[in-house]
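Chain order of the listed sequences is R and W. Under the working numbering, think of the first position of the first sequence as 1, with each following residue one higher. Under the working numbering, think of the first position of the second sequence as 1, with each following residue one higher.
Be a bit skeptical, because a hint or two may be false.
[Said to hold, decoys possible] Pairs of lysine-lysine residues, derived as DSS-like cross-links and limited to a Cα-Cα distance of at most 25 Å, are as follows:
1) W:Lys-130 - W:Lys-119
2) W:Lys-162 - W:Lys-60
3) W:Lys-130 - W:Lys-81
4) W:Lys-97 - W:Lys-130
5) R:Lys-80 - R:Lys-16
6) R:Lys-130 - W:Lys-292
7) W:Lys-13 - R:Lys-115
8) R:Lys-94 - R:Lys-70
9) W:Lys-13 - R:Lys-132
10) W:Lys-292 - R:Lys-70
11) W:Lys-13 - R:Lys-116
12) W:Lys-97 - R:Lys-93
13) W:Lys-81 - R:Lys-46
14) R:Lys-116 - R:Lys-132
15) W:Lys-77 - W:Lys-130
16) R:Lys-46 - R:Lys-64
17) W:Lys-13 - R:Lys-94
18) R:Lys-64 - R:Lys-27
19) R:Lys-115 - R:Lys-130
20) W:Lys-130 - W:Lys-112
21) R:Lys-93 - R:Lys-130
22) R:Lys-64 - R:Lys-80
Simulated from the structure, these hints should not be mistaken for laboratory data.
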Amino acid sequence: MIHFYHVSKVYQNGVKALKDVTMHISKGDFLFLVGPSGAGKTTLTKLLLREELPTKGQVIFCGKNVARLKSQEIPLLRRKIGVVFQDFRLLPKKTVYENVAFALEVAGGSRQIIKKRVPEALEMVGLADKQKMFPSQLSGGEQQRAGIARAIVNRPLLLITDEPTGNLDPKTSWELIYLLQEINRLGTTVIMATHAWDIVNALKKRVVALSGGQMVRDEKRGAYGYGG
Amino acid sequence: MAMGVNTLAYFFKETARSLFRNTWLSLAATGTITVSLLILGASLLLVINTNRIALDLEQKLEIRVFLVPNLASNQVKQLEKRIYLVPGVARVSFVSKEKAMEDLRRGLGERKDILAGIKKNPLPDAFQVKMARSEQIANAAAQISSLPGVEQVRYGQGTVEKLLLVTRWMRIAGIIIIGALILAALFLISSIIRLSVFARRQEISIMKVLGATNWFIRTPFLLEGVTLGFLGSFVAVVILYFSYWSFVQQVSMFVPFVPLVADQRLLFNLFGGLVGLGLLVGMVGSFFSVRKYLKV
């Protein structure tokens with residue numbers, strides 16, 4: 001479903017974020033992206049979302065070269081990809097329900113679709129009883145689950161999570177991982193960029209390690225580490 | 001993107017929210033647009049009226065052609081024909097010395113006694129020449145003065161040139177002032193929308209990631225700019241309308257010979273144009289401020 005062919009990215013300020021990365025992700029994969037800060041994890045996700053263009057090489061998503069998309073096709077690409085941020089990025093003046101519904105409103109979803117899917121997504125992440133609360137009234141873990149509900153309400157093919165457990169305590173982190181696994185089991189491909197070695201080691205999923213912009217490891221049932 | 005009822009409702013909700021979140025800013029924006037458009041409208045009215053007055057004065061301009069005394073009537077006829085042939089001349093009418101005396105007497109009114117001592121009419125026969133185009137008056141006068149049988153030509157030499165120069169400068173100055181004011185209003189609206197966009201930049205970045213089209217993000221801001229432009233211009237037009245009418249009434253009462261523009265259709269077009277300009281300025285201003293933030 002996703003192919004990176006010899007992808008390099010050099011930012012305008014000269015920073016070489018990715019160097020000749022080639023990898024393939026199949027539909028239904030659960031993939032850990034590990035590596036120190038500045039290794040290129042975030043750049044990789046930005047290339048997928050077409051927030052950045054590769055300097056060299058090609059990024060293919062669902063058979064389409066992401067760099068060649070017309071500007072009006074970019075929103076359609078992004079609707080196929082759900083994103084969960086480390087800092088949640090919920091809109092503070094909207095309730096949990098409204099935040100999740102926002103993803104559908106933005107994509108032009110009808111009222112009926114919103115009425116049907118938002119409660120489903122909230123049920124899935126276990127926030128059905130807190131839908132009328134504002135983000136500031138929720139705990140960190142609950143805010144992150146609201147973020148996940150927003151990311152999956154559009155039924156994306158791919159879910160990208162950038163250090164989703166970065167701001168959470170261990171117990172909450174694990175609850176979150178179970179949730180992501182559940183979403184993965186239902187057919188959504190999941191990419192999780194993380195520093196949480198204990199989670200990576202315990203789950204024995206595919207691990208891609210980046211270091212200094214280079215892919216140093218790609219293991220089917222890997223463990224944390226990017227020493228090479 | 002097919003625009004559903006839901007999307008439309010979203011746009012109006014967001015626009016209203018943004019306008020009311022920054023109530024004071026919105027009021028300040030509306031007020032400044034009102035003031036700019038008031039000045040703009042007032043200067044437009046000034047330009048329209050000076051043009052009108054200038055046109056009126058230009059139309060009143062005429063050449064007085066005095067004839068040598070005792071010209072035979074066929075010579076007078078001949079001369080009249082030749083004056084007609086001078087470029088720019090619209091109308092030629094003969095004013096006999098008797099008619100000229102009568103006019104003078106009537107013009108003097110109660111002081112006509114000063115003419116009592118004059119036995120013989122000292123005034124010459126003359127032609128009154130109206131011009132089709134007032135710019136040609138100096139040339140035409142020069143040509144006419146060289147015709148046989150003409151003793152002297154008068155058209156208010158110097159005064160006419162000055163008047164034409166003044167009206168031309170007023171037109172140019174009017175255009176410059178109006179251009180500057182439109183730019184000011186444009187700059188103002190775009191600053192306000194930029195603030196509004198800046199206040200919501202995080203929301204915009206989230207929307208982009210969620211797959212919102214640029215038009216979806218842009219529309220509430222465009223509506224906000226258009227609303228500000230409309231409110232500002234509407235208030236300006238209302239103020240302008242009432243103050244101009246009372247001004248016209250005052251003028252027609254105290255200086256009735258000044259021909260002010262009071263044509264309802266023309267004023268309606270002018271005011272409609274001002275409101276349209278307010279809308280356009282609002283839209284263009286916000287379009288450019290949002291554009292910068294959409295490049296993700």
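Hints breached by this structure: 1, 5, 6, 8, 12, 13 and 20
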